[in-house]
Each structure stands twice: as structure tokens, then as C-alpha cells.
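Chemist: Now for the letters of each chain:
Protein chains: 2
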Amino acid sequence: MTKPVVILVRPQMGENIGAAARAMLNFGLDELRLVAPRDGWPSAQADAMSAGALDKMSAVQVFESVCDAIADCHYIAATTARLREMNKPVLTPSELAETYASRSGEGQKVALLFGAERSGLNNDEVAMAHSIVNIPANPDFSSLNLAQAVLLVGYEMFQAQCAIEPVAEVDPPAPQADFENFFTRLESELDKGGFFRTEELKPITLRNLRTMFLRGDFSQQEISTLHGIVTSLRSK
Amino acid sequence: MTKPVVILVRPQMGENIGAAARAMLNFGLDELRLVAPRDGWPSAQADAMSAGALDKMSAVQVFESVCDAIADCHYIAATTARLREMNKPVLTPSELAETYASRSGEGQKVALLFGAERSGLNNDEVAMAHSIVNIPANPDFSSLNLAQAVLLVGYEMFQAQCAIEPVAEVDPPAPQADFENFFTRLESELDKGGFFRTEELKPITLRNLRTMFLRGDFSQQEISTLHGIVTSLRSK
Chain P
630 MTKPVVILVR
640 PQMGENIGAA
650 ARAMLNFGLD
660 ELRLVAPRDG
670 WPSAQADAMS
680 AGALDKMSAV
690 QVFESVCDAI
700 ADCHYIAATT
710 ARLREMNKPV
720 LTPSELAETY
730 ASRSGEGQKV
740 ALLFGAERSG
750 LNNDEVAMAH
760 SIVNIPANPD
770 FSSLNLAQAV
780 LLVGYEMFQA
790 QCAIEPVAEV
800 DPPAPQADFE
810 NFFTRLESEL
820 DKGGFFRTEE
830 LKPITLRNLR
840 TMFLRGDFSQ
850 QEISTLHGIV
860 TSLRSK
Chain F
630 MTKPVVILVR
640 PQMGENIGAA
650 ARAMLNFGLD
660 ELRLVAPRDG
670 WPSAQADAMS
680 AGALDKMSAV
690 QVFESVCDAI
700 ADCHYIAATT
710 ARLREMNKPV
720 LTPSELAETY
730 ASRSGEGQKV
740 ALLFGAERSG
750 LNNDEVAMAH
760 SIVNIPANPD
770 FSSLNLAQAV
780 LLVGYEMFQA
790 QCAIEPVAEV
800 DPPAPQADFE
810 NFFTRLESEL
820 DKGGFFRTEE
830 LKPITLRNLR
840 TMFLRGDFSQ
850 QEISTLHGIV
860 TSLRSK
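Protein chains in written order, with my numbering: chain P, 630 to 865; chain F, 630 to 865.
No lab work stands behind these hints: they were computed from the structure. It cannot be assumed that every hint is accurate.
Stated by the list, open to error - Here are the simulated DSBU-like pairs of lysine-lysine, each with C-alpha atoms no more than 35 Å apart in a straight line:
| id | chain 1 | residue 1 | chain 2 | residue 2 |
| --- | --- | --- | --- | --- |
| 1 | F | K738 | P | K831 |
| 2 | F | K821 | P | K831 |
| 3 | P | K821 | F | K831 |
| 4 | P | K685 | P | K632 |
To be verified - Away from chain F, derived, C-beta distances all over 10 Å, residues of chain P:
| id | residue |
| --- | --- |
| 5 | M630 |
| 6 | G657 |
| 7 | A688 |
| 8 | V689 |
| 9 | P718 |
| 10 | S733 |
| 11 | G736 |
| 12 | A745 |
| 13 | R747 |
| 14 | N752 |
| 15 | S760 |
| 16 | N767 |
| 17 | E809 |
| 18 | E828 |
| 19 | S861 |
Even glycine gets a Cβ: it sits at the ideal position worked out from N, Cα and C.
One chain only, chain P, in its complex shape (with noise of 0.2 Å):
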């Protein structure tokens, strides 16, 4: 799979850079293109932000122009925060995730862009993607850093990209003998204690205790590790 291409145009602050790096190797993205950064690169203060990040990635591009970094690749998504008024395709991070798979796939390069801090893209600039990336976010206060903006799109892009298997497996349950086995002799223990009022009620109390052990979803060990609490609170 061919990874997609990070963009920032116009940015202005070398930390923003730098921040913007690390949440893209968090999601494994290295390639970093810039457009006429305000303060020229390399920039200390991207450095410094990136935490390492630059330093593990591709060696970051300068272009003059959106038009000249975008050249060599097959789809672009601008990342607006305001919706424009343009015939374009809007897409979530994660419908955006779900064509980067698809296209990546087929080996085209994909590149997102992103605007300055204040001032976002241009429209000609937006004009040049064939879709805008908006990321919901609370109407009363939607305002995302860049590095932010660029981290949710790249954990977007990483679901997509590893089909995603469980971390960690919790232990099996244990076989069904094992629990009515526990269970038996939970019910013969109460017996003794006098646990159930009336014998007309005992079907129904057991009924009710039966679906809240079942819950547990126990393995062979924990039920094991209920019976040595029956036993550690009969003894004596």
C-alpha cells in the first residue's frame, strides 16, 4: 500500500510542524511536505515538538506551491474547518480512511492538505482536492490545532490501514460443566445457610442466580477461584 502524503500549507509556527510530525509517525505516516513555511526549514523549534518524529521519517519536502507538491500524486483531501461552498465531495476522517484504502491499494499516493493556523486554505487551494475532509466536532467549540487535525485524520488512516484484530484475548470461558459444577454446589452450600426463604421461591432465586454468575463469562481458573472463596467462607 502506497502511504499517503501529509501537506501543510503556509505553516507558521516551526512547534506546529513539529507537533503535526509526531501524530504522524503515531500512526505510522512519514512522508511530511511543506509550502512556504513562514519561518523557513529546518526549523529548531519543529525539531524539538517533534519529539524524535522527523528525525525517524522521510526528509521532509519544501515546495513553492500546493500545485508543485501535489504533482506526483493521484487524489487529494483538503481538511477545512469551515465548509465551503464548493460542488466537492465532503467527507469524515473515516470515509476519507476508507478511499485512501481502497485507492492505496491500487497504488495511487494520496495526499492530504492542510491549511495554516489561522487562515486555512485558499479556495483555489481547496479547489485542487478532489474532496474536503471535515472532522465533527462540538459546533460550540470546533477549534482543533493542527497537530490535532492531523492526528485524528492519521488514526483514521491507520484503522484503515491494519485491519484492525483485537489487542489481547480475555481467557476462554470455562466449558459449561465446569460452571453447573460450581453451580450445584454453590446451591448445596445456601441450602445449609438457610440462603433460600421457602422452597416455593428456590427455583426462581436460582434462576436469578444462575443468570448473574453466567455473567462473569468465568474461566476454568476464576471458577476454580469461586470455589475456593465457598470454601474459605464455609470454613470454621
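For this one, chain P is given, so just place chain F on it according to the hints.
Modeler: Okay, now just chain F, sitting in the frame of chain P:
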């Protein structure tokens, strides 16, 4: 729908608390709790970094322990970078968001625990949670800062909030304080019965027990049934 509570445990830098608050409000989360913040509370650094978020949120509450901070919550998820050897479900942020959407639809209060900047949550704190949340990231560069972890979890919550309607039917779990109360009693009764072989192993055994019993998601009624079981088993 009940909104989730974000709990920062022993946060160090006020700046990080402020950045986390901003990330929360970006996705509509407005209840922040702090456990033992290193530099006290309120914090001028936090105010500055929150970009106005702290003023718009509910007043931040400060607690001395995780136990106190989660007392009124019904479901606790612990965000950790390292996976622990605990028999708890490990969720991605989007799986957590689904869980949250269905539980909050039933009126349950969901709490998200985030540990201190470097050290994270300790094992006893993780043990109090029903599930562990792990953010899948680049294994070679996985370190996210606190605000970014909050941002990603908040983002997924926000996506899920709109989508899923409540499942309902099952009794809601008891508030965490009821569970603690039962668990404390169980521990003391097990002590009397000689359940814990050595003082050394006791903390680990208790963590495992807690994990088992938390999985049951017991309602108030069921917690009182558990008390009844202990009483009955202890009787001669």
C-alpha cells in the same frame, strides 16, 4: 444520554490538564475530574492552555483517590499504553464508544480514567476498571501525549453519540460505591477464612477477584444478593 466523565489521575503539568480540557470540549465532553493533581487546582497554566474550554465546562472536581472519583459511576474504562496481564476486555476507542453509547442510553454514568503523564495508572487503579482502552498506534512510535489520548477517545465518543440507540432491558449496574462496599466485606470475610495464602500474594489475588466480579456488572439488587450469599455461607 448521560455524558461520560473524564478523570485525570495524578496529572502533573497544568498545561496538559488545560489541553485535555480543550480536547474534551471539542467533542462535547464537559465533566472533568482530577485525582491528586501534582500542582494543585485551580491552575493558571491549565486556564491558558484550555483556550476558554475550562470556562465553558462544568466546574472541575478534585478528589483524593480514584475510588472517590468513581463512586457515582457505573462503568469505568482505563486508558493505558501498556497492556496488563489482567483478565479484562481490551477495547479500541471505537469499541469503547459503542459500549458507552449503549450504556449511557440506559442512564449509566461512564468514567474514563487517564493516568499521569509518564507513569500512567498503577495496577490497582487499572483493576478498578471494567475494561482497558488501548489506542492502536505505530508500534515503533506509539507515545501519545495526554491531551491527544483524550482527543481520540472524545472523538470516537462523539461519533458514536449520534449513531446508536439504547439496547435496554437489563437492570443497570449498581453505583461503584455499592460494589466497593461489597468487595470490602468479601475481602474481610475471606481473610477470616484464610483464603489468602500469603500477604505477599494478597494484592494480586484481590485484583483478580475484583476483575472477575466487575465483569458481572451487578445491579443493586444483585449486589444485595451477593451480600446474602456471603452471610449465608458464613453461617454455620
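Chemist: Decide, hint by hint, whether the structure agrees.
Modeler: Going down the list of hints, with the structure as the test:
Of the pairs offered as hints, the one joining F:K738 and P:K831 holds, with about 34 Å between alpha carbons and a cut-off of 35 Å not exceeded. Between F:K821 and P:K831 the CA atoms are separated by roughly 29 Å; this keeps the pair inside 35 Å, and the hint holds. Of the pairs offered as hints, the one joining P:K821 and F:K831 holds, with about 29 Å between alpha carbons and a cut-off of 35 Å not exceeded. Pair hint P:K685 plus P:K632 holds up; C-alpha atoms about 15 Å apart against a cutoff of 35 Å.
Non-interface call for P:M630 relative to chain F: holds, since the shortest CB-CB distance, roughly 15 Å, exceeds 10 Å. Not every CB of chain F lies more than 10 Å from the CB of P:G657, the least distance being 4 Å, so the non-interface label is violated. In this structure P:A688 is separated from chain F by more than 10 Å, as the shortest Cβ-Cβ distance comes to about 17 Å. Separation of P:V689 from chain F is adequate, the least Cβ-Cβ distance of about 16 Å exceeding the 10 Å criterion.
Listed as a non-interface residue, P:P718 keeps its Cβ farther than 10 Å from every Cβ of chain F; the least gap is roughly 19 Å. For P:S733, the non-interface assignment is confirmed: its Cβ lies about 17 Å from the closest Cβ of chain F, beyond the 10 Å cut-off. Distance check on P:G736: its Cβ is at least 22 Å (rounded) from any Cβ of chain F, clearing the 10 Å threshold; non-interface status holds. Remark: the non-interface label on P:A745 is consistent with the geometry, its nearest Cβ contact in chain F lying 18 Å away (cut-off 10 Å).
With a minimum CB-CB distance of about 13 Å to chain F, P:R747 clears the 10 Å threshold, and the non-interface call stands. Remark: the non-interface label on P:N752 is consistent with the geometry, its nearest Cβ contact in chain F lying 25 Å away (cut-off 10 Å). With a least beta-carbon separation of about 19 Å from chain F, P:S760 lies farther than 10 Å from that chain, consistent with its non-interface assignment. The Cβ of P:N767 does not lie farther than 10 Å from every Cβ of chain F; its closest approach is about 4 Å, which violates its non-interface assignment.
No beta-carbon of chain F is positioned within 10 Å of the beta-carbon of P:E809; the least distance is around 18 Å. For P:E828, the requirement that its beta carbon stay farther than 10 Å from each beta carbon of chain F is met, with the minimum near 16 Å. Non-interface status of P:S861 relative to chain F is broken: a Cβ of that chain comes within 10 Å, the nearest being about 3 Å off.
Of the numbered hints listed earlier, those contradicted by the structure are 6, 16, 19.
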